[in-house]
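Number of protein chains: 2
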Amino acid sequence: MREFVVHQLLAHAVAEHPEVEVVSPPRRYCYETLQSRAVALANGLARLGIGRGSVIGVMDVNSHRYLELHYAASMLGAVLHTINFRLAVEDILYTIHHAEDEWLFVWEGFREQVEPLRPHFPRWVWLTDGDASPESGVPTLEALIAEGGSGWPPQADSISETDTLSIFYTTGTTGRPKGLRYRHRDMLLASFQILHHLGLHEGGARPSSRDVFMPLIPFFHIHGWGTPFFVPYLGAKLVLPGRAGPKEQLALIQQEGVTWLNMVPTQLDMLLEAAREEGLQRLPLKVLTGGSTLPAGLAQRARVAGIRYSLIYGGSDQLATAISVVPEGLDPESEEAAEVLRTGTRPLPLVEVEVRGDDGCPVPCDGKTIGEIYVRSPWLPQGYYKDEAASQRAYQDGWFRSGDLAVRLPNRLLYVVDRDKDAIKSGGEWIPSAVLEAILSRHPQVGAVAVLAQPDERWGERPVAVIATRGPLDEQAVRAYLEERVQAGEIARFWLPDRYVFVDSIPLTSAGKLHKAALRKRLGLDHAR
Amino acid sequence: MREFVVHQLLAHAVAEHPEVEVVSPPRRYCYETLQSRAVALANGLARLGIGRGSVIGVMDVNSHRYLELHYAASMLGAVLHTINFRLAVEDILYTIHHAEDEWLFVWEGFREQVEPLRPHFPRWVWLTDGDASPESGVPTLEALIAEGGSGWPPQADSISETDTLSIFYTTGTTGRPKGLRYRHRDMLLASFQILHHLGLHEGGARPSSRDVFMPLIPFFHIHGWGTPFFVPYLGAKLVLPGRAGPKEQLALIQQEGVTWLNMVPTQLDMLLEAAREEGLQRLPLKVLTGGSTLPAGLAQRARVAGIRYSLIYGGSDQLATAISVVPEGLDPESEEAAEVLRTGTRPLPLVEVEVRGDDGCPVPCDGKTIGEIYVRSPWLPQGYYKDEAASQRAYQDGWFRSGDLAVRLPNRLLYVVDRDKDAIKSGGEWIPSAVLEAILSRHPQVGAVAVLAQPDERWGERPVAVIATRGPLDEQAVRAYLEERVQAGEIARFWLPDRYVFVDSIPLTSAGKLHKAALRKRLGLDHAR
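Those protein sequences? They're chains A and B, same order as listed.
Residue numbering for the first sequence follows the numbering used here, beginning at 1 and increasing consecutively.
Residue numbering for the second sequence follows the numbering used here, beginning at 1001 and increasing consecutively.
So here's chain A without its partners, still in its complex pose (with noise of 0.2 Å):
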């Protein structure tokens, strides 16, 4: 290949690597099948008048299907909108109208949750596990590659690296959906880059050729952090874990020898809940976590299973930004790298990090000082599609404003402390939730926390702390842990939280993290922030 264009990928994966396999249950095949497939749909995709900078819409699960979309559409110059189907309907149709969608493709596994969109949209392609349609007289894949042929479309070869490969759109907290548009180059460089960088360093998810890949994040979420992309240009295993759950997830780790996963620490939470469930003592699994921040008690109980992990840190108006490594000097099987791994990322190579104060300057490396996270990288998207405003506040002199507070540690490490403005300025000073509530998940009767602003008239801002107990747990109980932890000076007398409210559970956003802002809502803290 002469560019990074997506579909010229697979030249050397079927090259170098024919016998490997893409595993997608109940389906099973090589990369050279991967390719023959991804050409026969390109050729149906046109038949359907499908060409150059058409936007079809996708609806799936981690599945043969999608993979085999990404590269058909690359073939075509086509643009995937990678549509986050745990959106709420509504959000689903303001996404599908912002991208103009011209085509979707759903599962056939969503067509209850997709039935009040149906009737908006007459060009349909059911993606189906067998060859029948749900609908008559509507396409499935199956049938569109079984008529495909076997000639590469003609445009294939004058895809260039700058041509738009995708558009997703970000979920954020306030406000609606922002759309980005991803092109070939961008994209697969910062995907390789991940790779790359857990390649050269010391780290828990250090992968090899020798590694079987199963990413239980969704592809609609910047591809799955880049696996359809970067699994085959290392020409390894590839296992597409569809809709399993956590014992389905294991069961697919046994049978098929998977070793290296990416997931939020939330699946890793359920993936050992599950494990423990099944007796499963041991999971040497080596595992890239992100979204949001380990808690230290999950990230100790996936070291005593035998789970080896990395952090990264990055998101779909960044791509990936950083990583965390065993620095230079550290044993890597010491508990001090398990918990510098846990916390302290180190930006991919080609890509800057300045954490910024209220100064405008870099704070000092003092793993003290906060600031807001901006970054500089060489896949930056350009802005918010059709949004300028919002392009404009983001994206600044070729830098992306992230929103994120982030230290520098005195070896210079990345420490996030907070994502997206969930950090509670209390007397003009940051505290940032994230580490509180890190700090009180590794109680052992705490499951899952959450730790909020509430407006104070003195203060601005205090912090509530929102807990789902695992065992019997009161606010007294609580009150003298965290004492605890300002005696050792772990935290500032300050960031004490003013109120405790105990809940049965605590509801997740549709990438897996906590929903702060249903939370609020819930607790009548949806002030305006």
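Derived from the structure by calculation, the hints contain no laboratory data.
Please read all numbers here as calculations on a predicted model, not as lab measurements.
Fair warning: there could be bad hints in the mix.
As the list claims (entries may be wrong) - Simulated DEER-style distance windows between Cβ atoms:
#1 B:ALA1492 x A:ASP131: 52 to 58 Å
#2 B:PRO1154 x A:CYS361: 22 to 28 Å
#3 A:GLN392 x B:GLY1398: 40 to 46 Å
#4 B:VAL1304 x A:ASP157: 46 to 52 Å
Glycine residues also receive a C-beta, built at the ideal position from the N, C-alpha and C atoms.
Please arrange chain B on chain A, whose structure you already have, making use of the hints.
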């Protein structure tokens, strides 16, 4: 950085690894100083009138001076002509005129050697270790830096990844040197990919950010195989050996904690010999070697000393193509793995390799059928500089025709049996001289060995073995030894050389390879091939 531009590499290294050192005796500084010196030098060069597209010839050993010139030239968009200082003066003159060098930057250590050049080139800068210029009125690099100032040259931001970074001349065995122009993007991608490939596979020279790198491959040869770029990219410590001989290299390795080196097999042999003379039993190093076959005997001696190696295949006219790996399923510490690492390379991700038979079709993966290597990659040069005819012969339909011969092993790895048409065609069948050389080199009394083609009326060509002995050895003994190899099925009977020549030493080319052209001349075998 937004594009792949050399000087933009430093921002990440300076920000994330400010304390990491560049050591170039007697100098020692950190990446921040490298950047500030390069900025000052760029300003100094600009005052000389050097700007975008200016070609500057450089003759230097691997040093901080040369490294700084890389980054300073990049900031101005000037083109570095990396002169092969081992060429004869008349060939150096030819390349300087062909590349249209406007300035020459020459290390004072070459003063005697370049005396014949000096009068022809009034625009001259001496690369010195101290402040004093060897010639009054002629500027030195240090003076340019001292007067350069700290503001970035204004054009630094406008350099594009498709601008030319450097020019280098191949030293073919026949005809005039051929020029290659490398673009920023291509050279950086190829350099990084060497590192990525090594990092993602089990292999002898698997690097990490903990390694300390010392390139013994001179910068003029494809920029020391990319080291001035990929070491700062990784943020690792870089040791530049200058003109250090094997003993001084050993001292640097010990003093600076060097763990990763690149070198041709001849240099490895010399390093091991130096270690033996110093009474050094263990030399635990990672070595990337290439340029010619790694003889089995040398590989074995290296292993015993604790050296782990990987083999790279590539060249000035194709850049990085393939590196040996331990295939999946093989114990990386086994004897078998060591043998695979010596011979079996895998194309880098994104690189396509075809081994084509006489019929133009790919050869089977049988480990026997010999074909010619064709390469397609993202960083392939577009042709030879100002040489349309040679370009058309070598670069066809996006592929580079290497002239090198290889077989595909059953595990698909690429086994290069002979470089650049050194093989012998006898009765229409190829006899790979490198394989014969490798087998002969395993004989304890054989020091160096070259197998050449001798014209033959009946067979076209027949092999001649030229042997530099280590101890008592005669033709009868060698014949008996090879006969055993035939009996063992290692080589075909018709491969047995027709003639044996015993010599004191075998001449080497400027790149440290067997100088077969010179040998042919000496033996009267210098027919047109």
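Here is how each hint holds up against the structure:
One distance hint, 52 to 58 Å for the beta-carbon pair ALA1492 (chain B) and ASP131 (chain A), holds here, with the actual separation near 54 Å. Distance hint check for PRO1154 (chain B) and CYS361 (chain A): the Cβ-Cβ separation is about 24 Å, which falls inside the suggested range of 22 to 28 Å. At about 42 Å, the beta-carbon gap between GLN392 (chain A) and GLY1398 (chain B) stays in the expected band of 40 to 46 Å. For the pair VAL1304 (chain B) and ASP157 (chain A), the supplied restraint of 46 to 52 Å holds, since their beta-carbon distance comes to about 51 Å.
Every hint from the earlier list agrees with this structure, and none is contradicted.
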